[in-house]
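Chemist: From the two separate chains plus the hints, produce the assembled complex.
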Amino acid sequence: MTVAVLQFGGSNCDRDTVQALADLGIDAELVWHEDGLPADTAGIVVPGGFSYGDYLRAGAMAARSPIMEDVKAAAEDGTPVLGICNGAQIGCEASLTPGAFTTNRSARFQCEHVHVRIENADTPFTRAYDEGEVIELPIAHGEGRFEIDDAELADLEADDRVLFRYCDEDGETSDDANPNGSKHNVAGVLGDHDHVAVLMPHPERVSLADIGPTDGRGVLRGFAD
Amino acid sequence: MTGYTATVTVRLKHGVLDPEAETTQRALERLGFELADLRSADLFELDVDADSAEDARERAEEMTERLLANPTIHDYEVDVEER
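Protein chains in written order, with my numbering: chain A, 11 to 235; chain B, 1155 to 1237.
If we strip away everything but chain B, and leave its shape as in the complex, we get (with noise of 0.2 Å):
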């Protein structure tokens, strides 16, 4: 068994509005900084022992599709490394 350090990235969907995010930006634009969009995600790393780095991912992805992103709202992304 190794090791491992799935990142999940989940993010909005294309097309979703993020309030939260329009807020942010907003704010930003009030301090003074020009930006032309800004987009959030949340970020989970998640700390898995498997026998490779696509059992990692598997399980990761796994976790991910039961609780961690909402299919309806949600794209995500896994990365994995060694840790």
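Just chain A, with the same shape it has in the complex (with noise of 0.2 Å):
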């Protein structure tokens, strides 16, 4: 049993995300997405970083390319699939989850810590934590503002699909909290299930005590069984 961490060329959180999970005692693996998951996957991280140079957009050929046909599968089968910044553009963009992120809204690179606040603690990659409870993450991207149709947003918020919000230390989601001009300050979503879920912020980089806060080591834990 393994959490596969999913490797594109580009990709650059991919071994971060495997030391953050040895760290809390998961088993995962790094695989080349021209190998396919191996047999005993039992996790799917789709990582950061910034496959195929963001060439058309962030996240566009990864999520085409035939090993997230795979992902497709494995997720509808009961595999929870994480997706992590650049994991996050290509969940979007190949449907596993809904909406888009596109370029900030400031049209910069944003390398900074943020505040968000967990929306529903009832998933995997939530329920070591409360709802309504604030952590610190950090947000390193270009194209992390959260874009959707309003009627399809009004619909994922009743069904208590948005994950995580983009909020002040206080949990108040201020426009001055929102880093990138996200729609309702959404940074994290989930797809048809509440294993599969994407989220702008990487929990990978605050998930070992020996660098610091641990805030993100939650997120990852729902690999754990």
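Any given hint could turn out to be false.
Stated by the list, open to error - Facing chain B, a subset of chain A residues (Cβ under 7 Å, in silico):
#1 110
#2 115
#3 117
#4 120
#5 123
#6 169
To be verified - Under 8 Å between C-beta atoms, here's a sample of chain A residues computed to sit facing chain B:
#7 70
#8 74
#9 75
#10 113
#11 116
To be verified - Pulled from the structure, derived: some chain A residues nowhere near chain B, Cβ distances all over 12 Å:
#12 43
#13 102
#14 160
#15 181
#16 191
Calculated from the structure, these hints are not laboratory results. For each residue, glycine too, the CB sits at the ideal point set by N, CA and C.
Modeler: And the structure:
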């Protein structure tokens, strides 16, 4: 049983993710996209990076690579799937999750720490937290603004499929606390199932106690049995 | 078979924020130009061999829907000409 951390040309958070999972005692391995998913895949992370140089749109090329069909099939069969940053862009481009992540309101690449509020604590990736809890995670993206049709967003919210929202340290989802102009401060969403999620912030970068805070550990703990 | 060029224009849907276009407009204004608005778009030229212009268009539309455009944020149009 292993968590497959996918590698595309240009992935660069893949090894960090494996290390963060290993620190939690979760078996994980790097999987080059052309090699396909291992037979004992028990979870899948689509990690951050700049797959295919962000050509066309961030995530557009990787989303159409053959391994993503296997990822979709595994997700349908109940395998937990988490997309982080570029992995979130890939997840939306592949229609694993709704909406799209596009150019930041600032039109700039932003690398900073932000606060996010847990909107739904009843998923594998958030059950370590309480609903309404505020955690601090880093972002590093140029195309992280969540865009979606207003009616679809209303459906998402009604179905409790918004997982994280950008907020201030007190949990208020103000415009000032919205780093990239995402609609309704959305930082992460669920797909059709509670075990399929994407988020733009990087939980794997705040998961090792040796190098600082560990606010992100609970997200990766979604892959523990 | 005839050679056609399908020109695909992909643009953001009306109402979707375009920070790059806004930045470009501000840069033009800093240069002293006056303009009411600026919209940007991606343009792709696809050379295809097809039995008819309609066939070429259908194929270009399929390529656009599968990859070139993201239907969540984009509209697109296709123009086909013999090459």
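Chemist: With reference to the structure, classify each hint as holding or not holding.
Modeler: Outcome of the hint check:
1. Against a cut-off of 7 Å between C-beta atoms, the interface hint on residue 110 of chain A holds, since the closest Cβ of chain B lies about 4 Å away.
2. At about 6 Å, the closest approach between the beta carbon of residue 115 of chain A and any beta carbon in chain B falls short of 7 Å, and the interface hint on this residue holds.
3. Hint on residue 117 of chain A holds. Least Cβ distance to chain B is approximately 4 Å, under the 7 Å limit.
4. The restraint placing residue 120 of chain A at the interface with chain B is violated, with a minimum CB-CB distance near 12 Å, outside the 7 Å limit.
5. With 7 Å as the threshold, the beta carbon of residue 123 of chain A stays out of range of chain B, its nearest partner Cβ sitting at about 22 Å, so the hint is violated.
6. With a least beta-carbon distance of about 17 Å to chain B, the hint placing residue 169 of chain A at the interface is violated under the 7 Å criterion.
7. The restraint placing residue 70 of chain A at the interface with chain B holds, with a minimum CB-CB distance near 7 Å, inside the 8 Å limit.
8. For residue 74 of chain A, the suggested interface contact is upheld, since its CB lies about 6 Å from the closest CB of chain B, less than 8 Å.
9. Interface hint status for residue 75 of chain A: violated, as the beta-carbon distance to the closest one in chain B is roughly 12 Å, over 8 Å.
10. Look at residue 113 of chain A: its Cβ gets to within about 5 Å of chain B, closer than 8 Å, so that hint holds up.
11. Interface restraint check for residue 116 of chain A: the shortest CB-CB distance to chain B comes to about 7 Å, inside 8 Å, so the restraint holds.
12. The non-interface label for residue 43 of chain A is consistent with chain B: the shortest C-beta to C-beta separation is roughly 17 Å, beyond 12 Å.
13. The Cβ of residue 102 of chain A does not lie farther than 12 Å from every Cβ of chain B; its closest approach is about 7 Å, which violates its non-interface assignment.
14. For residue 160 of chain A, the condition that its CB be more than 12 Å from all CB atoms of chain B is violated, with the nearest at approximately 9 Å.
15. In this structure residue 181 of chain A is separated from chain B by more than 12 Å, as the shortest Cβ-Cβ distance comes to about 25 Å.
16. Taking the minimum C-beta to C-beta distance to chain B, about 6 Å, the non-interface status of residue 191 of chain A is violated against the 12 Å cut.
Hint compliance for this structure: hints 4, 5, 6, 9, 13, 14 and 16 are not met, and every other hint is.
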